[in-house]
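**Q** If you read the sequences in order, they're chains B and P.
The opening residue of the first sequence carries number 1 in the working numbering; numbering runs sequentially from there.
The opening residue of the second sequence carries number 1001 in the working numbering; numbering runs sequentially from there.
Read the hints as simulated data drawn from the structure, not as lab findings.
We treat Cβ as the ideally placed atom computed from N, Cα and C, and that holds for glycine.
Careful, some of the hints might be misleading.
[As the list claims (entries may be wrong)] List of simulated lysine to aspartate or glutamate pairs, DMTMM-like, C-alpha gap at most 20 Å:
{"hint": "1", "chain 1": "P", "residue 1": "Lys-1289", "chain 2": "B", "residue 2": "Glu-177"}
{"hint": "2", "chain 1": "P", "residue 1": "Lys-1600", "chain 2": "B", "residue 2": "Glu-109"}
{"hint": "3", "chain 1": "P", "residue 1": "Lys-1600", "chain 2": "B", "residue 2": "Glu-428"}
{"hint": "4", "chain 1": "B", "residue 1": "Lys-441", "chain 2": "P", "residue 2": "Asp-1422"}
{"hint": "5", "chain 1": "B", "residue 1": "Lys-441", "chain 2": "P", "residue 2": "Glu-1433"}
{"hint": "6", "chain 1": "P", "residue 1": "Lys-1134", "chain 2": "P", "residue 2": "Glu-1005"}
{"hint": "7", "chain 1": "P", "residue 1": "Lys-1188", "chain 2": "P", "residue 2": "Asp-1206"}
{"hint": "8", "chain 1": "P", "residue 1": "Lys-1480", "chain 2": "P", "residue 2": "Asp-1504"}
{"hint": "9", "chain 1": "P", "residue 1": "Lys-1285", "chain 2": "B", "residue 2": "Glu-428"}
{"hint": "10", "chain 1": "P", "residue 1": "Lys-1476", "chain 2": "P", "residue 2": "Glu-1586"}
[What the hints assert, rightly or not] Listed next, the stretches of chain B that the computed footprint assigns to chain P, with coverage defined by at least 3 CB atoms under 8 Å from CB atoms of chain P:
{"hint": "11", "region": "16-25"}
{"hint": "12", "region": "185-192"}
{"hint": "13", "region": "404-412"}
[What the hints assert, rightly or not] Restraint-style ranges between C-beta atoms, simulated for each label pair:
{"hint": "14", "chain 1": "P", "residue 1": "Thr-1500", "chain 2": "B", "residue 2": "Glu-42", "range": "43 to 51 Å"}
{"hint": "15", "chain 1": "P", "residue 1": "Gly-1516", "chain 2": "B", "residue 2": "Glu-164", "range": "26 to 34 Å"}
{"hint": "16", "chain 1": "B", "residue 1": "Val-349", "chain 2": "P", "residue 2": "Gly-1516", "range": "39 to 47 Å"}
{"hint": "17", "chain 1": "B", "residue 1": "Asp-36", "chain 2": "P", "residue 2": "Lys-1480", "range": "30 to 38 Å"}
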Amino acid sequence: MDTIVAVATPPGRSAIGVIRLSGPLALGIMRALVSDQNFTPEPNRSYVKKIRRGSGDDLDQVLVNYFQQPHSFTGEDMVEISCHGSPLILRHVLDLTLSRDARLAGPGEFTLRACQNGKLNLSQAEAIRDLINAQTDAAAAQAARQLNGELSRALQPAKEVLIEVIAKLESALEFVEDDLPTLELEEINKQLAEVLANIRYLVGTYSVGHLLRDGLRVVIVGRPNVGKSSLFNGLLRSERAIVTEIAGTTRDSITESISIKGVPIILTDTAGIRRAGDKIEAIGVERAHQAMADADLLVVVIDGSVGLLADDVSVLFQAKERTHVVAINKSDLRRAPGLDDQVAGLSRVVRTSAVTAEGLKDLSAAILAPFGEVDSVNEGLLITDSRHHDLLRRTQLELEASISALDERASEEIVLVGLLNGLRYLGEITGETTPDDILSKIFSTFCIGK
Amino acid sequence: MVFDEEFDVVVIGGGHAGCEAASAAGRLGARTALVTLNLDLIGQMSCNPAIGGIAKGHLVREIDALGGIMGRVADRTGIQFRLLNRSRGPAVQSPRAQTDRARYRTEMRRTLEDTDNLELRQGMVSDLVVHHGKVSGVLLQDGRRIAARAVVVATGTFLNGLIHTGQHTYTAGRAGEPASIELAASLKRLGFPVGRLKTGTPPRLDGRTINWGAFQVQEGDERPVPFSFSTETIEQPQMRCYVGYTTSSVHNAIRQNLGESPLYSGQIKGVGPRYCPSIEDKVVKFADKDRHQLFLEPEGHDTNEVYLNGFSTSLPAPLQQDLVRMVPGLEQATIIRPGYAIEYDFVDPRELGADLQCRRVAGLFHAGQINGTTGYEEAACQGLIAGINAAALVTGRKAIRLGREESYIGVLVDDLVTHGVDEPYRIFTSRAEYRLSLRHDNADERLTGYGRGLGLVSDTGWERFLGRQGRIIKAKNILKSNRLRRSDPSYVAAASMTSTALGDSISLSDLARRPGISMDMIYQLLPQHLGLSQSDVESALADNLYAGYISAQASAIGRLQRNDQLRIPGNINYRDLDGLSSEMIERLERARPVTIGEAKALSGLTPAAVNTLYIASVQS
């Protein structure tokens, strides 16, 4: 039995978000997340722990609970991690568990395990069966409508090339006594590179694709009086505002949802950042810093008519390591002398005027630019589903392993391990390929048989 | 009914399945009779005179590891041994041997005659005696009645066999032997779903009329790898094979005469194997190939007869003679037995459980070509399983079922009973998802424990097995602890074999994993006088070579099979389940899937219905 993981709370921002793990690796994965190999929690007790990113930085302070099998919902070893409810944090924690060999749970899979382990009685199981059916049907309807068919079709050419390569390698193994053409390793390498590029591209679209589901968090920052709020209002006016003011905004930090080219953007305007003058302003600045920490992208606003001040440099410095766009605002006014030299080293600079609306379209485009081919939102296929992303990423890793085995001139049966595994993962999206399908390919391609 | 004789187990058929079944049942203490049409043709190789090959060789090793007899008989009668795929990894290497057709028969009959509890009877079984869904004996054409508590049907191509050469057809089980017509009718009466398959065989030539110089010589291995773990060395003299090619003028002549071929005139209805095509098929389906490979295989030491492998045909016999003479080197060659195609009945193997017992008739087992397989090895391994389980049934022991993850036999049986067949089924390594773990050289490690538990492995065999396992462990330790250092005289030679850098020192087990490093090299680097054979070292290295890949393989497969292997209760009443539409109930009642995986494979079953079944199965 492998170890499954899922976010147990509804998607979106909330006070806390819970990640559940079930399976033999649950405790081990939790230990790795909290960087404490000796952590031996008492079952059913809560502990406060810190989770670190791969880089060693703190990610979040969390509450962990360990439920020892069989005394858990699924009857297996389970761990629940209560994080702060930022979708960003939850995604990071989820990614950390996946990198430690957990697998994203299918719909209702925790319940299925509970059934399997006799944790639920017949009437409970029947109730849950209905639930599972509803989820499956909903998932199927959704898949048919927007993704599954299309993704499956998009994967078909790659899958066919993969099967062709597998057929070549298999026939070299199985039919040594037959008069077969010698394997053209270069040709096989080329074919595999093509498949891999295809899969890699699709994996890459998830960075945009998941934005379609979760939305892109954009935070406007800068020192006071550079025109952040007018820019914020300008973006709201020029783009289609979907929802107005989100509850819980404070007087100094305001959030609205807009849509740029179909990508939901959660846009936040913050208080001007400078060394605080009074206590209330200090709270505003603190909030601005929090908003920055959660952002997928920062828009750093500079007053083009004034030029760079020390506070601007300080904000730019804080934004340096983050994905960001620099907006040189107030382009309707005379440009400060020497500004061009000052911003020459910055990347992704856009000139804007909230007054004349000049450059707002450019700013919108610049906001999406770091997240890949956003035009494909309307034209091409995007991976939006984390399960599909997981499967394609696994396929990619398997293919990479096979290609390096091929480069090392490993024997065919070893090269085939990754190719067949890759085909299995693809099969979870496109439908299974049986050994008979591969044999059929061989017999239609080569003249086999004494 | 009054019977003339009484046995525990009756095996019908003395081919490769029947021989293994009878031998196993007898040795397991069941009083057993083998009934065959002709005692002189026990163990007959109806087609090519060879045993083994890729994946088939694995089967023979597995049969041997379980305590079967095919490997030992082949070792004593083989005339050219070759380990195939030597240049590839150990998991896909497989032994193959040309065998002396007549001596194989003699040796097989001698082996059966020396078996306790086993008696041979010549005769044709015409009917099965079945009472209340349970088999109780067989009737012979000559009026004899034999009681049996279990019956293994291993009738090969004999059920309603129909031979074709050109327009001429006649009923026969093999050329020169009568077909089994009444038994075929008896199986149909019992309600078994019966289908039709086809196979073919090439002409045999008079060796004195062949211009041998026109062919390429193919030698066997210098150091033959035997099939049986009990065989130390191959003693008998070895022979050569020869390789040649057809030409485009042969192909043209075949194309011009396709109308004469029963395959293309629509006369043959049965489905033939795609991996064993007739020369007519090769020429039509691969028209752009200007030559096809032919093998001249000697039939044995005591005959001039030569088997023309690669030239399977059902064209008219006179035309076969003309075509053969168009092949370079065969200008003067004379056909002494023409090739032919044969159609025969098979019974849908989905009628069987994994123990090869029919669900329809208790005590009745099917093994070999009757289940839609092709090949001596495929037949033999089914015979062994059926024989073991027939004996288990009558002696009150537990049936043996082998898993896909532990044996090719398990893969084959599972494929048959789960998916059925739509062409003659042959084993391939690609059918085994755990291919890297199922090596020919570790068949003993995988299966000898079962054989011993059953009582098919003797004390000597068991001690030999334990000794070998001990030596492999020893070899593993030595390979790990011995290092090759830059200062060693062999370092340069080893470094020149591989493109990767070896560093200042490297353990022998790590060195063996480097591409280009041969097993021979590793064996030479080992300290001498350790009592380790090269095969011990090779097995130790193979485990080491695949270790990382085997776990990668298992995790990908595990995802898929997690739920699929869950068994649906045999006594399930679909009508008791909430939420199944009457259409779903009808489909399920027709198919009665055994596992969730089988249910998922059923056409027309909705995901919701599968979920319902899943929950019900989990609950039980």
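**Q** Given the hinted pair Lys-1476(P) and Glu-1586(P), is their Cα-Cα distance within 20 Å?
**A** violated (56 Å)
**Q** Go check the region 185-192 of chain B versus chain P for me, would you? Three or more residues, Cβ under 8 Å, otherwise it fails.
**A** Contact hint for the region 185-192 of chain B vs chain P: violated, 0 residues under 8 Å.
**Q** Taking 20 Å as the top limit, are the C-alpha atoms of Lys-1600(P) and Glu-109(B) close enough?
**A** holds (17 Å)
**Q** State whether the coverage of the region 404-412 of chain B by chain P holds or is violated, taking the criterion as 3 or more residues with Cβ-Cβ distances under 8 Å.
**A** This one holds; 5 residues, not fewer than the three required, reach chain P with a Cβ under 8 Å.
**Q** Does the structure keep Lys-1289(P) and Glu-177(B) at a Cα separation of 20 Å or less?
**A** holds (17 Å)
**Q** With 39 to 47 Å as the target window, see if Val-349(B) and Gly-1516(P) comply at their CB atoms.
**A** Since the Cβ atoms of Val-349(B) and Gly-1516(P) sit about 55 Å apart, the hinted range of 39 to 47 Å is violated.
**Q** Take a quick look at whether Lys-441(B) and Asp-1422(P) sit within 20 Å of each other, Cα to Cα.
**A** Judged against 20 Å, a Cα distance of about 16 Å means the pair holds.
**Q** Hey, Lys-1480(P) versus Asp-1504(P), does the alpha-carbon distance stay inside 20 Å?
**A** holds (16 Å)
**Q** Holds or violated: Lys-1600(P) and Glu-428(B), Cα atoms, limit 20 Å.
**A** holds (14 Å)
**Q** Is the straight-line distance between the alpha-carbon of Lys-1285(P) and that of Glu-428(B) 20 Å or less?
**A** The hint is violated at about 34 Å.
**Q** With 43 to 51 Å as the target window, see if Thr-1500(P) and Glu-42(B) comply at their CB atoms.
**A** For Thr-1500(P) and Glu-42(B) the Cβ distance comes to about 50 Å; the hint holds.
**Q** For Lys-441(B) and Glu-1433(P), compute the direct alpha-carbon distance and say whether it is at most 20 Å.
**A** holds (18 Å)
Checked against the numbered hints given earlier, the structure breaks hints 7, 9, 10, 11, 12, 16 and satisfies all the rest.
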